[in-house]
Every structure is written in C-alpha cells, then in structure tokens.
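Visitor: In case you want the letters, here they are:
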Amino acid sequence: MKKRTITKPVVYGVLIIYAVVTFIPFLWAILSSFKPLSEIVSGITFFPENFTFNNYAEIFSREPLFLRWMFNSIFITVCMVGLNIIFNSMAGYALARVKFAGRKFCFFLILVVLMIPFQVTLIPSYLILKAFGWLDTYQGLIIPGMVNATFIFMMRQFFLNFPKELEEAAQMDGLSRMGTFFKIVMPLAKPALAAQAVFIFMSSWNDFMRPLVIMSSEEMFTLTLGLNSFKGQYISFWNLIMAASTLMTIPSLLIYAFFNRYFIKGVTFTGGK
Amino acid sequence: MKMKFNKMLAAVGVTGMLVGAMAGCSNESSGQGDGAEGDQVTVELAGWGASPEEEELLQQTLDAFEEAHPNINVKHEVIADQYMDVTKTRLVGGEAADVFYLDAFEAPGLANTGVLEPLDEYVTDEFEIDDFQDPLLNAFKFDGTQYGFPKDFSTLALFYNEKKFEEAGLDGPPQTWEELREYAEKLTVDEDGDGTPEQYGLGFSSELARQFYKLEAYGADVVGENNEAAFASDEAIEALQPIVDMKQDKIAALPSDAGTDWGGDMFGQEKAAMVIEGNWTVPFLENNFTDLSYATAELPTVNGEKATAAFTVAYVMNKESEVKEASWELISFLTGKEGMEIWTSKGLALPTRESVAEELGFDEDPIRGAFVAGGEYAQPWQAGPNLPTINNNFNNQFTSALLGDQSLEEALKKAQETANKEIEAAN
Amino acid sequence: MEPARKETPSHEPDKSKKSKQPNKKQKPKRYMSKGWKEGLSGYLFMSPTIFTIGVFVVIPILYAFYLSFNDVQLLGGIGYEFIGLENYTRTFDDSRALIALKNTAEYVLIVVPVQTCLALLLAAALNSNIRGKNAFRIIFFLPTVTSSAVLTIIFMWMYNPDGLINSFLKFLSLPTYNWLADPDIALKSIMIMNIWATAPFFMVIYLAAMQDISDSVYEAATIDGANWWQKFIFITVPILKPVTFFVVVMGVIGTFQLFDQSYIFSGGSGGPNNSTLTVVLLIYQYAFKSLDMGYASALAVVLAFIIMIVTIIQKKFFGEEKLHD
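As they're listed, the protein sequences go chains A, B and C.
Positions 1 to 273 (this note's numbering) are the ones given, in order, by the first sequence.
Positions 1001 to 1427 (this note's numbering) are the ones given, in order, by the second sequence.
Positions 2001 to 2325 (this note's numbering) are the ones given, in order, by the third sequence.
Source of the hints: derived by calculation from the structure; they are not laboratory data.
As the structure is a computational prediction, the values presented were derived from the model and not from experiment.
Do not take every clue at face value.
[To be verified] Have a look at the derived ranges for each label pair, beta carbon to beta carbon:
#1 A:Leu-253 with C:Leu-2169: 43 to 53 Å
#2 B:Asp-1221 with C:Ser-2095: 23 to 33 Å
#3 C:Asp-2182 with B:Thr-1145: 17 to 27 Å
#4 B:Glu-1320 with A:Leu-254: 42 to 52 Å
[What the hints assert, rightly or not] From the derived model, a few chain A residues whose C-beta atoms are all more than 10 Å from chain B:
#5 Val-20
#6 Phe-23
#7 Ile-30
#8 Phe-51
#9 Tyr-56
#10 Phe-60
#11 Tyr-126
#12 Leu-135
#13 Gln-171
#14 Met-172
#15 Asp-173
#16 Ser-203
#17 Asn-228
#18 Trp-238
#19 Phe-258
The C-beta atom is built at its ideal place from N, Cα and C for all residues, glycine as well.
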C-alpha cells in the first residue's frame, strides 16, 4: 500500500479534479456571503463585485438573541454527541456481539425504524412530546434524539469486524460484559467513534426540522433555526442566509478536522501488531 | 484511557442533571385565566419570518399595543419555514399560538376543520367592520361566519422599464393583453442571435396563483360547484393560451429561463423589460437596484375586462386559545385603524381598511397607485378547501405546457383529472 | 416485541409468525449454555435504545400504521373511521404514486451504486500514502457540512441556463441543457447533486473502517507481489463487507426517501409533468397539503415494505446471516 502507487499521477489528477468540483460550490457559497442581495440572486458573478461585510453585520446586529441561540445549540449538541456515542455504541455492540434472545428482532426493528419517512411520524411524535410536557424544552430535543438508529446500525457493522480474541481474554480475566465494553472495546473503536461523533455533531448542529416544530419561543431556538428566519413570504434574503450558513459550517469543519486524526493510518488501534 | 471514559460518563451524568434543571426554567407558562383585571396575560402571536424592515414595523405595532394594554404581553413567535405544516402540526397537538397569520389561500381548508374561532361575536361597532374592503373581508368569511380580519394585501401590477420603453419607441404601458404581446415582441432583444434572448419582453410566473385571475374574464372557473377542479375548459384555454404562446415564441420567459430567482430579480437585472409582480417587489427594487428607472401600471385588460390577483393574509384566533378576550384585543388592535396604520405606513403591504388607505394616500403614490387601483377589482387568491391539491397539480402540468412538451389542453386536462381523482379519493 | 409483528404489512402474516417461533423455542435453548447473564447484559446494553426508540419512534410508527387503516380527520378534534384496506387499494389506483415509485426506483438504481463506489474509491485513495491527504479529506467533506437547503440553492444557480455548468460546457463546446426545466433531465440533475453531496458521508465511514484493517494482512500480500489494485480488490473490499452492507442499505433508504431536493427544485409540486415527483414528496403532499394522514400513512407503509424487501435481498447478497455468529 505504501510504495506501490505506480498510478500516482492518475490518482492525483482524479483527486484534484474531484477536489475542484467539490470546492467550487462551497467557495461560491462563502463568496456569496460577501455580496449584496442584488448581486447574489442572479448567481452570475463568482467573485463579489461589490464586496461587503454588511450581511454579517446585519446578522449580529439584528439578532439580540444570538448568544442565547449559540448557547442552546452548543448545549444541545454536546448532550447529543455524548449520549449518542455511548448509547449507540452499546446497542451496536450488543447487536453484533452479545447473544440474547430477540437480538435479530431488535436489529430488524432498528432497520424498520429507518424505513418509515418522518413525514408521517412527525405529528404522532409531536403528540407524545406534548404528553410528556416537553414541547419548547431542551429535553424535548435531546431525549428523543439521544439514540440514533442509523449509527446503531453503523456501530453494529463495525463491531462485526472487531477481533474477538481481546474480548475473550478480558472475559477470562473476569471482566463483565459492561466492563469489557467500556475498558477494552470502546477505546479500540476510536475511528468508528470519531466518525460517529462528527456525524452526530453535524446532524444535531444543523438539525432544522425538529427544532422548527418543537421550539416555539425565540429564546429556545437553536442557531440554525434562528439564523434561518431570513425568509419572507415572497422574498428570500439569500445574502443573509449565505452568511448565516457560512457561520454555521465553521464549527462542523473544525470538529471534523479535529477528529480527522483518528482516521489516519499509522496509529494502529486494532489488535494486530 | 480509563480515566477518559470515566470522565465521559461523568459528563453524561452532569448533562442529564442539567437537562432536568434547564427544563424547569424554560417552561414559562403562557397566560393563565382569561385576563381578569390587574392580571398579566400573555398572548402568543405566530407568523412567518420577514424582512428586517417588516419586522421592525411589526415590533412598533406590538409596542404600541402593549402600551395601550398594559396588562397584556405579546409573545411573538416566528416560524422560520414551512409555516403551514408547522402550524397544522401544532394545531393537531392543541399547541398553536393564540393568534396567527393565515393566508387566504389556506383559509377555507382550515376554517372547514373548525380549529378557528368565529370572530363575529367579538366585533363591536367601534371596530368599524364596514371600513374593510369587501372582497378581502369575504376571503375569510365562510357560511356567513367571519374567521379572520385581513391585516394587509398585495395585488399584481405591471412593472416596466422606462429606459427600455424609450429605446423601443414605446410610450406608456400596454392597455390590453394583445398590446402586451406587441410590446413584448418589440422589447425582446437577442443581440448575438443564438435564439436565446438576453432581454425578454415579459417576465412572468407560471404558478396558478399568478394565472388564475385571467380565467374569470373569459367565463372560466378554477373550481366548480363542489370545490372540484374545473379549469380544463375551452374558456380557460383561451385565457391561458396567450401566455403559453408568448413563452414559446421566446418573448416572455420564466425567471429561471433567464437565470434569475424570481420576477423582481429578473426585472432588476434588466433580463425582462416588463414583469407582472406584486408590491413586495417595490422595496426590493428600491434597496437593490437604485439606478433602475421604472414605472408601474395596472395590469392590461384580459378580454376587455380589468383583472388582477390579490394576496391577503389575516390574523385568526385559535379556537383552543385560553386567552380569547386578550387575543381579540390584539387582533382588533392589529387590524384596527391605529395598528394598521403603523404596520402599513411604509407601504410594504397595503392597508385593507379604506380609511387607512386614504390617510396614508398610497393611491396618490406614483409607484404604489397601480396596486391600490387594482384592489378595486382584484380577485383574492382563494378557491375553496381543495385549492392546495388543485394548485399542486396545475403547477406540475402547466410548466410542461409552457415548455411545449404537451398542448395546453392536454396539460389542463391531465392536471384536472389527477386533482379530481385525489379530491374524490380523499372524501 | 408485539409492535414489529404488526409492522409487517398485513398480507404477509405467515412471515411474522415464523420469525416469532425461533425466538421462543430454539434460541433460549441455544443460549442456555452461555447462561442467562449474557441475555441480561444484552438487554442492559439495549435498554437506552429500547426506551428511546420504543417511546419516540416505534409508538409514532405504530400510530401511523393504525392511521393507514382509517379515514382520518386530524384537525379540529381527532376522528377516525376504520376503512380496512381501502387506503392500500387506493395506492394501486393512484397514477401519481406509480410515477413517483418509478422515479424513485430509477433514482435508487443509479445513485446507490455510483455513490457507494465513489465513496469507497475516494476513501481508498485518501487512506493511501499520498501527499496532502489531509487537505483532500477536508475539501471532500465540505458538501456534507453544508446544509442541504443551501446546497440545493447553490446547485439551482449552477444549473441555470446561464449558470456555471452550462458556461463550462459551452467553453468545452459541449451541448448545454436546461437542467431543471427539462423533464427528461430534471431528475438526473438532482441525482448528480445527491451523489456529490452524500458520497463524502460514506467516504468518512469507509475511512474509519479502513483503520481497523491490520497492516499485517497487507504485508503478507505485498510479499506475494500483489499490487495496489489487487490488494484493494482482494483484501480491502472483502474485509469491508459489513460496512459496505451498511453503506448500501443506508444509501437505499436515503434515496428511497428523497425529499428535500425535489421539494425545493419543484417548489413542492413534483413537476414539470411529475418528473421530480418522489414517493416521499407525494407522502408529504398528502400528509400536509391535503391533510389526508390515513392515505399518507398507507403510502409510507408501502414504501417501507418495498425498502424492506430490497434490504432483505441485500442481506442475502451480502451473506449477512453468516456474519451473525
């Protein structure tokens, strides 16, 4: 894998072309955030002709609740990432490795849950949250989202590949299942956990539909929700939307860059030497 | 490693506790009881997002209200997107705001379900209900019951670029739809001769909301007696064929054909010399295209009759509201003379009360006059409870007729059949 | 356990019975030897999931399932009228449902293989020893961090008749298209965008999975004289099978549930001439525009049933059963 990249120029060529294809739309979005609305809506210019910071200034000046929203978003996202990583991994591990009656059924159920589009479950979920009295509260967003079927499924698939020997050894040493899981398995699953952390961070940070329905007070809005209110009945303020979305992507990118180190070959986490 | 994971677990525990604690402080209950004197009452008011200018005007209006009613607090909630979907979900859960915006388009469907509080009982002489323009008031009146009062309205008018008119040797706006076509031909410019004009004569939108007003002049209907789709008639074809022809002759175009977002943008960029748009376009042009020299005119006559569309939004009251008296106070203030005057003072939307319109004098305004004049004969965008379904199917098929993939007759027929099948199956 | 049996659509009652029996009879016997502790710890591990998914997901799904047999009035006092299978028979009569399904199937067939291969190849390339791989990793990930509404808008500009893509094609003297207004092209435009936006998500998952492959496996192959490509095909791909199963299943579910893009592109109508109509867009139209929750739920159940069949086929194809124990 290391020395044998004979086809290197081709690989670089392809990667660079793909990088350009990926980067241009993104760059466009960022550059658009520095354009006035009149220039942005046409979508014709690439570089701003009338460079301006007004969009950002307007976002900050207009929204007195900005800090509160930021707190809400950070608080909710941190809770979601922490809870999801532990709970999804536990469930994924059990589905892959622990033999219990009803395991196949549980797995089947996890898949079924993913197959029903949320459009038909939105209203019933809303009614349940209402019954709990959790509308317009943090727990209304956090508790129902503290487990995620997609990542349970993902973790299960990861744990299927996991070397068995280590667990067996740990159990020989008298560690319980829980003990083995937290002390042996989790530390070794870092790449998968890192991927999970990145995705849960992003999905929680960017989540729009759930906060839109659940949160009604402006003080309870998340940043995504608060910054997306630049839409009139007839006109969308794309300059503000682009500026807001640029701001929103920065934390996600930082988190990704931070966790990226766990995907770099060279540090071996597996049992193999 | 162990340390780290223990820390993580601890963090989760703390988080859990925080969640519980936070829950306590965020549960501010909204108004209890029905505003007995001295008690503070909170009324929730929900609407969609708006431009900074509009938001400021609304805030001014609400401040004035709170000043006049010291015992009532207004909690303004913005639903940032998919307004009707979220509102319907909240209504099902009995958690919708006490007072909320409702577009005339959705009003019949919602009134039908009985979630709206009938307002007739609350109306006093002081409120001067006769002051409202009738068609707009009637857009929220079903079976003789008034469910909402229109807060403002917008009509469609013709925007035309004065410079381009001069260049083409045209004087004044077209008076009839036939003339509009002639004008559009003269105003279409294809300099490089590649068959795609750089400047179209007319920019228009294909949605039913922007087309329906032409039907009546030809005696065609959007919906029939039982609220079924009924637009696939010869008369409707007559009414809609001109725009289809213009589009296919490339003298009229949709905003997307010219790489623009909507009509106001198309006009501002001078990709179209004329567009049919509403008065929301005026502040947009003022803010973004300061150099543009343009004028507005009433829409050209359709089959010899004046016709345009009116889009109107009302404040309605949630039937489940626990603070109905206070909610009415809010509605009656916002749609009353004082509130409406503040709200419409900048002409972002037009007042629905004749007295306020007179006071503000928008009919004298060179740009806004055309919209006010249209208000006299405008048809509100509304056609029974099945309009959302009908609208969907029309939009879906009409575009393909514009593209020339099928004839207008075929498209209308297909749209009508599908819509009616869906309506029938739903009932 | 009750819930999911009901979940299986009613015309397949045998199947659900079959799956119930082994649970009750064979399994406990097999597990006896390992002791009840194992079973207990299984449920301990699953308990947060069972609670959360049970209360906040399974109950709403069961409710939707119940609604699918009723004529439902949700607004203004909830009212049901049991109408049996009427909502289901109605789906066969609904020409738009058929078109939506056809569009969606076409979409799945093209998008899933392309995005899976793309994600795998990108991950393999970025996992090898190339220069600047960190920069590449960050750039490739950008579409995933951008919100889908903003992405869609950017693409709408790029797809404009005078937009970036056509300008580029013109520059290369290639034919240009009316990407969004032409019914023959509209769905393909959405496909391109979707592949571009989702591939990085799966790429990261593949990247993470590749970290678990031990070097010793490759070293042995290197000694045998295998080249990069051979190692990729004969070592990496087989080891990644469970992850590929995840990627494909999630890809299928995600594409079958396509909604955002076609909603924004068509303004919610699914036009022009139904060319961007997808099943979930149709479900949405019924659920929220016509407030016909019963029929919308029936469509959702049918969709879930179709996805389930596709998933079972994949499960067989990937030999998932064997991986179980």
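Visitor: All the hints need checking, so say for each whether the structure fits it.
Guide: Taking the hints in turn, this is what the structure says about them:
1. Evaluation of the 43 to 53 Å hint for A:Leu-253 and C:Leu-2169 yields a failure: the beta carbon distance comes to about 31 Å.
2. For the pair B:Asp-1221 and C:Ser-2095, the supplied restraint of 23 to 33 Å holds, since their beta-carbon distance comes to about 24 Å.
3. A C-beta distance of roughly 47 Å is found between C:Asp-2182 and B:Thr-1145, which places it outside the suggested range of 17 to 27 Å.
4. Range check, B:Glu-1320 to A:Leu-254: Cβ separation about 44 Å, and the 42 to 52 Å hint holds.
5. Once the 10 Å rule is applied to beta carbons, A:Val-20 is consistent with being away from chain B; the minimum gap is 22 Å.
6. Once the 10 Å rule is applied to beta carbons, A:Phe-23 is consistent with being away from chain B; the minimum gap is 22 Å.
7. Its beta-carbon lying about 19 Å from the closest one in chain B, A:Ile-30 satisfies the requirement of being farther than 10 Å from that chain.
8. Remark: the non-interface label on A:Phe-51 is consistent with the geometry, its nearest Cβ contact in chain B lying 16 Å away (cut-off 10 Å).
9. Under the 10 Å C-beta cut-off, the non-interface status given to A:Tyr-56 relative to chain B holds; the minimum distance is some 14 Å.
10. The claim that A:Phe-60 is not at the interface with chain B holds, since no C-beta of that chain comes within 10 Å of its own (minimum 13 Å).
11. Non-interface status of A:Tyr-126 relative to chain B is broken: a Cβ of that chain comes within 10 Å, the nearest being about 5 Å off.
12. Its closest Cβ contact with chain B, about 6 Å, brings A:Leu-135 to no more than 10 Å, contrary to its assignment away from the interface.
13. The claim that A:Gln-171 is not at the interface with chain B holds, since no C-beta of that chain comes within 10 Å of its own (minimum 18 Å).
14. Distance check for A:Met-172 against chain B: the nearest CB is about 19 Å away, which clears 10 Å, and the non-interface claim stands.
15. Distance check on A:Asp-173: its Cβ is at least 14 Å (rounded) from any Cβ of chain B, clearing the 10 Å threshold; non-interface status holds.
16. For A:Ser-203, the shortest C-beta to C-beta distance to chain B comes to about 18 Å, beyond the 10 Å cut-off, and the non-interface label holds.
17. Under the 10 Å C-beta cut-off, the non-interface status given to A:Asn-228 relative to chain B is violated; the minimum distance is some 5 Å.
18. A Cβ of chain B approaches the Cβ of A:Trp-238 within 10 Å, the least distance being about 8 Å, so the stated non-interface status is violated.
19. The beta carbon of A:Phe-258 sits about 15 Å from the closest Cβ of chain B, which is more than 10 Å, so the claim that it is off the interface holds.
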